[in-house]
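Turn these sequences into a full structure, and let the hints steer you where they fit.
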Amino acid sequence: MGGTSSLYIMNMALMGMGIYALIAKRHIIKKIIGVVIMEYAINLFLILLGYKTDGIAPIQDSSINAAQLAVRAVDPLPQALVLTSIVIGLGTLALMAAQAIKLYEKYKTFDMSEINRLRG
Amino acid sequence: MNNIRELSKDESSGMTIIVKTISRLVLSFILLFGFYIILYGHITPGGGFAGGVILSISYVLLMLAFGSKVALAKLSNFWASMLDNLGALAFIVIGFLGLTGGYFMTNFIWHGHPGQLISAGIIPLCNIAIAIKVSAALYAIFIGLSIYGRIVTEEEK
Amino acid sequence: MNALFHVLMLFMLIGAAVAIETKNMLSSVIAAGAVGFGVSLMFLFLGAPDIAITQVIVEVLSLIILIRATTFADNRAIERKMDSFSTVTGLIFIGFLVMAAVWAFQDLTPFGEPLMRVSRRYLSGTAVETGAVNAVSGIILDYRAYDTLGEAIVLFTSILSAFVILRRRGKKDIEAEDTEEFGILEQEQL
Numbered sequence: 001m002g003g004t005s006s007l008y009i010m011n012m013a014l015m016g017m018g019i020y021a022l023i024a025k026r027h028i029i030k031k032i033i034g035v036v037i038m039e040y041a042i043n044l045f046l047i048l049l050g051y052k053t054d055g056i057a058p059i060q061d062s063s064i065n066a067a068q069l070a071v072r073a074v075d076p077l078p079q080a081l082v083l084t085s086i087v088i089g090l091g092t093l094a095l096m097a098a099q100a101i102k103l104y105e106k107y108k109t110f111d112m113s114e115i116n117r118l119r120g
Numbered sequence: 001m002n003n004i005r006e007l008s009k010d011e012s013s014g015m016t017i018i019v020k021t022i023s024r025l026v027l028s029f030i031l032l033f034g035f036y037i038i039l040y041g042h043i044t045p046g047g048g049f050a051g052g053v054i055l056s057i058s059y060v061l062l063m064l065a066f067g068s069k070v071a072l073a074k075l076s077n078f079w080a081s082m083l084d085n086l087g088a089l090a091f092i093v094i095g096f097l098g099l100t101g102g103y104f105m106t107n108f109i110w111h112g113h114p115g116q117l118i119s120a121g122i123i124p125l126c127n128i129a130i131a132i133k134v135s136a137a138l139y140a141i142f143i144g145l146s147i148y149g150r151i152v153t154e155e156e157k
Numbered sequence: 001m002n003a004l005f006h007v008l009m010l011f012m013l014i015g016a017a018v019a020i021e022t023k024n025m026l027s028s029v030i031a032a033g034a035v036g037f038g039v040s041l042m043f044l045f046l047g048a049p050d051i052a053i054t055q056v057i058v059e060v061l062s063l064i065i066l067i068r069a070t071t072f073a074d075n076r077a078i079e080r081k082m083d084s085f086s087t088v089t090g091l092i093f094i095g096f097l098v099m100a101a102v103w104a105f106q107d108l109t110p111f112g113e114p115l116m117r118v119s120r121r122y123l124s125g126t127a128v129e130t131g132a133v134n135a136v137s138g139i140i141l142d143y144r145a146y147d148t149l150g151e152a153i154v155l156f157t158s159i160l161s162a163f164v165i166l167r168r169r170g171k172k173d174i175e176a177e178d179t180e181e182f183g184i185l186e187q188e189q190l
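Protein chains in written order, with my numbering: chain A, 1 to 120; chain B, 1 to 157; chain C, 1 to 190.
Since the hints were derived computationally from the structure, they do not count as laboratory data.
Honestly, I wouldn't trust all of these hints.
Okay, derived cross-link-like pairs now, EDC-like style, lysine to aspartate or glutamate, Cα gap no bigger than 20 angstroms in a straight line [to be verified]:
hint, chain 1, residue 1, chain 2, residue 2
1, A, K31, A, D111
2, C, K23, A, E114
3, A, K31, A, E105
4, C, K23, A, D61
5, A, K31, C, D107
6, A, K31, C, D83
7, A, K102, A, E114
8, A, K52, C, D83
9, C, K23, C, D83
10, A, K52, C, D107
Now the in silico label distances, taken between C-beta atoms and shown as ranges [as the list claims (entries may be wrong)]:
hint, chain 1, residue 1, chain 2, residue 2, range
11, A, R117, B, V26, 46 to 54 angstroms
12, A, N116, C, V128, 55 to 63 angstroms
13, B, S28, A, V71, 38 to 46 angstroms
14, B, S28, C, D83, 49 to 57 angstroms
15, B, Y36, C, L41, 29 to 37 angstroms
16, A, L46, C, T87, 27 to 35 angstroms
17, B, I118, C, T87, 36 to 44 angstroms
18, C, R121, B, H113, 19 to 27 angstroms
19, C, N24, B, F29, 28 to 36 angstroms
20, A, L46, C, T89, 40 to 48 angstroms
21, A, S6, C, M99, 13 to 21 angstroms
22, C, D147, A, D54, 26 to 34 angstroms
23, C, L41, B, F29, 22 to 30 angstroms
Here are a few chain C residues that sit away from chain B, every Cβ distance over 12 angstroms (derived from the structure) [claimed, not checked]:
hint, residue
24, I14
25, L26
26, V60
27, T87
28, V98
29, A100
30, W103
31, G112
32, Y146
33, S158
Idealized CB from N, CA, C, for every residue including glycine.
Below, the structure is given as C-alpha cells:
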C-alpha cells in the first residue's frame with residue numbers, strides 16, 4: 001500500500017456510499033443522489049491526487065515567475081479536466097431529473113420496484 | 001419592454017413581494033459578476049463554464065421570483081436554444097479559424113502581454129462562446145423542466 | 001491543513017449518510033447539497049479556486065433542479081420492507097470497489113506529492129505560449145481545447161435528449177391546444 005493516505009480511503013468510502021445508494025435504494029431520486037455523490041467523490045479524488053503540500057493555486061501573478069510557479073503550484077491538469085466534468089454533471093443531472101419526472105407521470109410513483117411490477 | 005414591466009408587477013404570478021424586491025436588487029449584480037468571471041477568465045479564477053452557469057442562474061432567479069411569463073418575455077425558449085446552438089457554433093468556428101495558424105484550435109491571434117485584459121489570443125473569445133453556450137443551455141433546460149415537465153393531474157385532464 | 005481536510009471529509013461522509021438514509025425526500029436532497037458545498041470548500045483549500053467557484057454555482061442550480069423534481073410529487077417516503085437482495089448486491093459491488101481500490105492504491109503517489117510530468121511543462125509554458133496567466137484556462141482552451149470541444153458537445157447532447165424526453169405531445173397537438181398559454185410555442189414553430 002505505497003501511497004495510501006487516510007484521505008484517499010475516506011474518499012473511497014464516499015464513493016462506496018454512492019454505489020450503495022444507486023443499487024440498494026428504491027426511490028428514483030435517491031438513486032440520482034447516489035450518482036451525484038459518486039460524481040463528487042471522483043472529482044474530489046482527481047483533485048486530491050494533484051495536491052502538493054503547501055501548494056499555491058496555478059495562477060502566475062506578478063510576484064512569481066514561471067520557473068517558481070512550476071515548482072510551487074498544485075497540478076493544474078486534473079483541475080482542467082474536472083472543471084468541464086462538473087458542468088457536464090449538471091447536464092446529466094438535468095437529464096436524469098427529466099427521466100424521473102416522465103416516469104412519475106406515467107406510473108404515478110417514484111418506487112423503482114413498483115415501476116418494475118407495473119410495467120407489464 | 002412595457003409589457004415586461006406590467007407582467008413583473010402582476011401580483012398573482014411568482015413569489016411574494018419580498019422575494020420580488022430583493023431579486024430586483026440582486027439580479028443586476030449577479031449578471032455583472034457573471035460577466036466579470038467570464039471576461040477575466042484568463043487572468044483570475046473563473047472562465048466560460050463558471051460564468052455561464054452564473055448567467056443562467058440569474059435567469060433562473062428571474063423565473064422563480066417573477067414567474068415564467070416574465071422570464072420568457074425577456075428571453076424566450078426559441079432564443080435560448082438558438083443561443084445554445086450559436087455558442088457551440090462560434091466555438092467550432094474559432095477552432096477552424098485556427099487552421100490558418102497551422103492546425104485545429106491553434107491560438108492564432110497575437111498573445112499580448114500576459115496579465116492584461118486583452119491578451120491570450122483566442123482564450124477570451126472561446127470563454128465568451130462557451131459562456132453563451134452553457135448559460136443558454138442550462139436556462140433552456142430549466143424552461144423545459146418547469147413548463148414541459150408540469151405534471152398533468154387527473155382534474156386538469 | 002491536513003486536519004482541516006479530514007474534518008471536511010468527515011462532514012461530507014456524514015452528509016452523504018444522511019442524504020442516503022433519511023426518510024424525507026426534501027431533507028435528503030438538501031443533505032446532498034451540503035455534501036456538494038463541502039466538496040467546493042475542499043476544492044478551495046486544495047488550491048483549485050477555479051473549480052471551487054464552478055462547484056458552488058453548479059451546486060445551487062442542481063439543488064434547484066432536484067427540488068423541482070422532488071416537490072411536485074407526494075413527498076412521502078416509500079414505506080418498505082427491507083429488500084435484502086438489493087442490499088446484498090450493493091454490498092457486493094462495494095466489495096468490488098474495495099478490491100479495485102486496494103489494487104490501485106499501490107501505484108499511487110503519496111498525498112501531497114503529485115507526479116506532474118506534463119503539468120510542469122504546462123505551468124512553466126502557459127504565460128509565454130498561450131498568454132494566459134491562469135494555467136487552468138490556458139490548458140482547457142489552448143493546450144487541450146479539442147477536449148473542451150468534446151465536453152461542450154456532450155453537454156449539448158444531454159440537454160437535447162432532456163428536451164426530447166420532456167416533450168409531452170407532438171407539434172400538431174400543441175397547435176391544436178394551449179398555444180396561447182405561454183406565448184412561446186407559436187414562436188418556436190416559426
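How the hints compare with the structure:
1. A/K31 <-> A/D111: Since the Cα atoms of A/K31 and A/D111 sit roughly 11 angstroms apart, the hinted pair holds (cutoff 20 angstroms).
2. C/K23 <-> A/E114: Given pair C/K23, A/E114 holds - Cα atoms ~18 angstroms apart, limit 20 angstroms.
3. A/K31 <-> A/E105: The given pair, whose Cα atoms are some 18 angstroms apart, holds under the 20 angstroms limit.
4. C/K23 <-> A/D61: violated (49 angstroms)
5. A/K31 <-> C/D107: Judged against 20 angstroms, a Cα distance of about 32 angstroms means the pair is violated.
6. A/K31 <-> C/D83: holds (15 angstroms)
7. A/K102 <-> A/E114: Since the Cα atoms of A/K102 and A/E114 sit roughly 15 angstroms apart, the hinted pair holds (cutoff 20 angstroms).
8. A/K52 <-> C/D83: At roughly 44 angstroms apart (the allowed maximum being 20 angstroms), C/D83 and A/K52 break the hint.
9. C/K23 <-> C/D83: Roughly 16 angstroms between the alpha carbons, so the hint for C/K23 and C/D83 holds.
10. A/K52 <-> C/D107: Measuring from Cα to Cα gives roughly 17 angstroms; hence the hint holds.
11. A/R117 <-> B/V26: 46 to 54 angstroms: holds (47 angstroms)
12. A/N116 <-> C/V128: 55 to 63 angstroms: holds (59 angstroms)
13. B/S28 <-> A/V71: 38 to 46 angstroms: This hint holds: roughly 43 angstroms between Cβ atoms.
14. B/S28 <-> C/D83: 49 to 57 angstroms: Because 51 angstroms falls inside the window, the suggested range holds.
15. B/Y36 <-> C/L41: 29 to 37 angstroms: Because 22 angstroms falls outside the window, the suggested range is violated.
16. A/L46 <-> C/T87: 27 to 35 angstroms: Taking Cβ atoms as reference, A/L46 and C/T87 lie about 30 angstroms apart, which means the hint holds.
17. B/I118 <-> C/T87: 36 to 44 angstroms: Cβ of B/I118 to Cβ of C/T87: about 59 angstroms, so the range 36 to 44 angstroms is violated.
18. C/R121 <-> B/H113: 19 to 27 angstroms: holds (22 angstroms)
19. C/N24 <-> B/F29: 28 to 36 angstroms: holds (34 angstroms)
20. A/L46 <-> C/T89: 40 to 48 angstroms: violated (27 angstroms)
21. A/S6 <-> C/M99: 13 to 21 angstroms: holds (19 angstroms)
22. C/D147 <-> A/D54: 26 to 34 angstroms: Since C/D147 and A/D54 have Cβ atoms about 29 angstroms apart, the given range 26 to 34 angstroms holds.
23. C/L41 <-> B/F29: 22 to 30 angstroms: holds (23 angstroms)
24. I14: holds (27 angstroms)
25. L26: holds (16 angstroms)
26. V60: violated (6 angstroms)
27. T87: holds (31 angstroms)
28. V98: It holds; C/V98 is separated from chain B by about 33 angstroms at its closest Cβ, greater than 12 angstroms.
29. A100: Correct as stated: the minimum Cβ-Cβ distance to chain B is 30 angstroms, above 12 angstroms.
30. W103: It holds; C/W103 is separated from chain B by about 33 angstroms at its closest Cβ, greater than 12 angstroms.
31. G112: holds (22 angstroms)
32. Y146: violated (6 angstroms)
33. S158: With a cut-off of 12 angstroms, C/S158 comes too close to chain B, as the shortest Cβ separation is near 9 angstroms.
Taken one by one, the earlier hints fail for this structure at numbers 4, 5, 8, 15, 17, 20, 26, 32 and 33, listed in ascending order.
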